[in-house]
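Starting from the structure of chain P, add chain S where the hints point.
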Amino acid sequence: MYAVEYQQPTNLADAASILASTGGRALAGGQSLVAAMKLRLSQPGTLVDLSLIPDLKGIRRNGDRLVIGAMAKHAEVASSDVVKAALPALAGLAEGIGDRQVRNMGTIGGSLANNDPAADWPAAVLACNATIRTNQRAIGAGEFFKGMFETALAPDEIVTAVDFPVVQRAAYAKFPNPASRFALVGVFVAQMGDGSVRVAVTGAAPSVFRATAIEDALAKSFTPVAAKGVKVGADGLNSDLHGSAEYRAHLISVMASRAVVAIA
Amino acid sequence: MGANDTATMTSVVGQSVLRKEDARFLTGTGQYTDDVSMPRQTYAYFLRSPHAHANIDSIDVAKAKQSPGVVDIFTGADLQGVNGLPCGWLITGTDGKPMNEPPHPVLAQGKVRYVGDAVALVIAESPAQAKDAAEQIVVDYDVLPSAVDSLDALADGAPQIHEQAPGNRCYTWALGDKAAVDAAFANAAHVTKIDIVNNRLIPNAIEPRAALAHYDRANDEYTLYVANQNPHVERLLMTAFVLGLPEHKVRVIAPDVGGGFGSKIYLYPEETAMVFASKKIHRPIKWAAERSESFLSDAHGRDHVTHAELALDKDGKFLAMRVHTTANMGAYLSTFASCIPTILYATLLAGQYTTPAIYCEVAAAFTNTAPVDAYRGAGRPEATYVVERIVSQAAMEMGIAQDEIRRRNFVREFPYQTPVALNYDIGDYEQTLDAAMEMADVAGFPARKAEAQKRGKLRGLGYAAYIEACGLAPSNIAGALGARAGLFEAGQVRVHPTGSVTVFTGSHSHGQGHETTFAQIVAGRLGVPVENVSVVHGDTGRIPFGMGTYGSRSLAVGGTAIVKALDKIVAKGKKIAAHLLEAAESDIEFRDGKFTVAGTDRSKAFAEIALSAYVPHNYPLGTLEPGLDETAFYDPTNFTYPAGTHICEVEIDPDTGVVDVVAFSACDDFGNIINPMIVEGQVHGGVAQGLGQALREQCVYDRDSGQLLTGSLMDYALPRADDVPSFNVATKVTPCTHNPLGAKGCGEAGAIGAPAAMMNAVMDALAPVGVTHFDMPASPYRVWNAIRAAHGHA
Chain P
107 MYAVEYQQPT NLADAASILA STGGRALAGG QSLVAAMKLR LSQPGTLVDL SLIPDLKGIR
167 RNGDRLVIGA MAKHAEVASS DVVKAALPAL AGLAEGIGDR QVRNMGTIGG SLANNDPAAD
227 WPAAVLACNA TIRTNQRAIG AGEFFKGMFE TALAPDEIVT AVDFPVVQRA AYAKFPNPAS
287 RFALVGVFVA QMGDGSVRVA VTGAAPSVFR ATAIEDALAK SFTPVAAKGV KVGADGLNSD
347 LHGSAEYRAH LISVMASRAV VAIA
Chain S
727 MGANDTATMT SVVGQSVLRK EDARFLTGTG QYTDDVSMPR QTYAYFLRSP HAHANIDSID
787 VAKAKQSPGV VDIFTGADLQ GVNGLPCGWL ITGTDGKPMN EPPHPVLAQG KVRYVGDAVA
847 LVIAESPAQA KDAAEQIVVD YDVLPSAVDS LDALADGAPQ IHEQAPGNRC YTWALGDKAA
907 VDAAFANAAH VTKIDIVNNR LIPNAIEPRA ALAHYDRAND EYTLYVANQN PHVERLLMTA
967 FVLGLPEHKV RVIAPDVGGG FGSKIYLYPE ETAMVFASKK IHRPIKWAAE RSESFLSDAH
1027 GRDHVTHAEL ALDKDGKFLA MRVHTTANMG AYLSTFASCI PTILYATLLA GQYTTPAIYC
1087 EVAAAFTNTA PVDAYRGAGR PEATYVVERI VSQAAMEMGI AQDEIRRRNF VREFPYQTPV
1147 ALNYDIGDYE QTLDAAMEMA DVAGFPARKA EAQKRGKLRG LGYAAYIEAC GLAPSNIAGA
1207 LGARAGLFEA GQVRVHPTGS VTVFTGSHSH GQGHETTFAQ IVAGRLGVPV ENVSVVHGDT
1267 GRIPFGMGTY GSRSLAVGGT AIVKALDKIV AKGKKIAAHL LEAAESDIEF RDGKFTVAGT
1327 DRSKAFAEIA LSAYVPHNYP LGTLEPGLDE TAFYDPTNFT YPAGTHICEV EIDPDTGVVD
1387 VVAFSACDDF GNIINPMIVE GQVHGGVAQG LGQALREQCV YDRDSGQLLT GSLMDYALPR
1447 ADDVPSFNVA TKVTPCTHNP LGAKGCGEAG AIGAPAAMMN AVMDALAPVG VTHFDMPASP
1507 YRVWNAIRAA HGHA
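Heads up: the protein sequence lines correspond to chains P and S, in order.
In terms of the numbering used here, the first sequence is numbered consecutively and its last residue is 370.
In terms of the numbering used here, the second sequence is numbered consecutively and its last residue is 1520.
One chain only, chain P, in its complex shape (with noise of 0.2 Å):
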């Protein structure tokens, strides 16, 4: 790790400006940041560390709406009774990412700002049209996701809150990595209010993305027969030592097709 500057505000508004005035990285629950610093592949000048704001913390159910902390440690959504009531699959996804210590340090609001292809959150928000809400706006879950590790975030934005419609019924299938247990293909199925079917896929491309065949075939029969006969194309898929885009391709249709047993 290179040396770095530390610093610690106590309100949003301090944050803001010693990112801005520094040009310095937001440091969430650091399960990715500081490793990458480890191997010194990425050289913050200065860290602000939010873990002192009080406005980024907090589950609560408002109304139809579930809102999540940015600062929510993954372990402490899996453990939340407010989650499980409202949106149990949240739940069930926050205990399936990393690892027990993962889960006790890494953040919602730090996965989604950093968008990594195989992180599981992005899927969940995508497929709930859920709103991040930032310092300076709220952003729906269509214009976030911009590409590989690209958010629609301003250097100087900072995640305050997640904020999901509580949706009618919803389950994720992931289907790991065999090494490092990232989504080789996580699939996050939704069915919204309205009936309709929204399928987000993470982990088979540079960045999640909805799975519209899928969408269209559980519309006209929400089974799992349905999921699992979509033949979805390989294109634009990744590929690499544990999957072709082909072996993706295909586990995007056994992965939903897994949700929607769960759901059932």
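Hints are not guaranteed to be accurate.
Not the full set, but computed from the structure, chain S residues with beta-carbon under 8 Å of chain P [to be verified]:
#1 Phe-1140
#2 Thr-1382
#3 Arg-1422
#4 Leu-1439
#5 Tyr-1442
If you are wondering where the hints come from, they were derived from the structure by calculation, not from laboratory data.
Computed from a predicted structure; not experimentally measured.
We put the beta carbon where it would ideally sit given N, CA and C, even for glycine.
Relative to the frame of chain P, chain S by itself:
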């Protein structure tokens, strides 16, 4: 040991005594190399080659030397008078010539040959400063084409890696009677052929390699703490062959070591360069590898490409086997690299069977990859994989049951001389097969398979009836086969005046539990509590000598050396007792911790004898030295031959290719067992590593660039606790005939038997969909691909 002394052995020997060493390991108070610090200590960082193959046109360290905190920087040019790292085993080729043995420089000399090859040693006041300075070193590389695959490296027109190894060939070596094999094949009723790759593995001890080198100017002495499995061998090779230092002026300490699996046997460039540099800077130097550095620079394992053929008669009797293997040596010959795919591989190709004729040819290639050497099992897993995969496939082709084909070919009379040099002293292969089948509930398998099928899953059962040659080794036999070292072991038993005991062993424990097992042997023999026996290992300054721990040798060889020293202790104790009891020495019996005049109740406790030896007021000083401290060296007369049957049951999800190991049953014959709990733990660990090889792990270098693609745990799929099932293990005993403990060794068996059992189970499960063979690891992706290929997709 004397026949009348054996009764007391039963008291603690054979008990699952809790491990004495665990108190410190479980409370975080172990003392590993990186835990040791010295005053005025500096920190080392090694600048490594980013290229697989390149000439170094120049290295400029001027700017780096000005970097904050830098103490000194060494490159190959600074290592005047330093030789290359030696290889400990000379293989003589089929052409009668010695293997090609190109130099293995401590720091690169004008050329780098793999990604991770050490180019410079940077020493600074902190690890971060050393790393910062290394970034300021300017190396002008002239990048050359590379070859990482052994077959690519041996092909015409491959890039030449060493001047001294034309065509990148280290040797071509053969064992067996080729003419007899050819004749047997000509008359065979059936021939089974198989092409297999034994996947390259990267060892991942929890503790990365580490060293702390110190030069004491006042006494002209060096001290090296190093995470190592055999400190005396480390010292001998480093001083005598590389640095030209007096052996007695160098003390090597391998303190607590967090796992080795072979990767810490070897003399590596890092600690050698640090010992050299410690005298130049007159300050201690510490280094601990980062995990990514371990991936690049630890010696890797396996990496064989093999074509094998088995000739059978119409009844499934094996007539002959023919094997050709290409082995990847990596860029340089590591300490024992040359003997792994030869002496420890081809000699095991008879397996548990009476195959009368076997011929094996091995081509060893230099490549632009990290050196390859012994990794848990070392040659024997590769041999078992060849034998048990081809036997399984032959059974399937001929429609013979898997257990039946093995029964028809088992060796049943001992001693048995194989056609590939080894002489098995004892075993009972049918016994372990029968027990394993019972444990695995083979009879109930068809019902389980049918039930799985209803759920859309494919079930398979796979067998591996393995044998290994352990207890390395009779020095004279090893020497005749090319070993440049002896393979005995030393043990010292020091009885203190109060009767407590300190044992000094040349074996080294890096997870095996020697401090408990060896204490049990001593406690059992002397009739003292286990708590009164301490075991010291891993320090050339305290232990007479040692060849270290590898090849499942510690109990059979190291344990026997301790027994031989105990023999001397008891013999001397009888002399003292005879004097004190005024009886003839021949009338003294030693039993239950007491020296007794036979047929009387007159006796002296062991502690009384010990005290008398150190307070010799009433003592036969004219004929007997005081003190009770004995040393023995033991050189075995044969290898030991642990064997057994492992049966694996898998369930495969054809939708995803995931292989679930639903059951694993192992029945092993390790000879006599001192501590069943430790033995069971060794089997668990070995099977977990075998599962890693079979289903998950694979080291991959990019074929074009030579970059290591599996350079971290993000891409190298090490098994985790929830990837392994609960194992079903048991043992049967045929005691080894040629050591007094009757022990054979247990450390490697799991890693030897498991891969073949698992892959045979996978092939059995996939047989209904038309898959006959694919290579390890059976990752979900590979399984899915194999099913798809069988269905006619590319």
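request  = Please flag the earlier hints that this structure goes against, numbers listed from lowest up.
outcome  = 1
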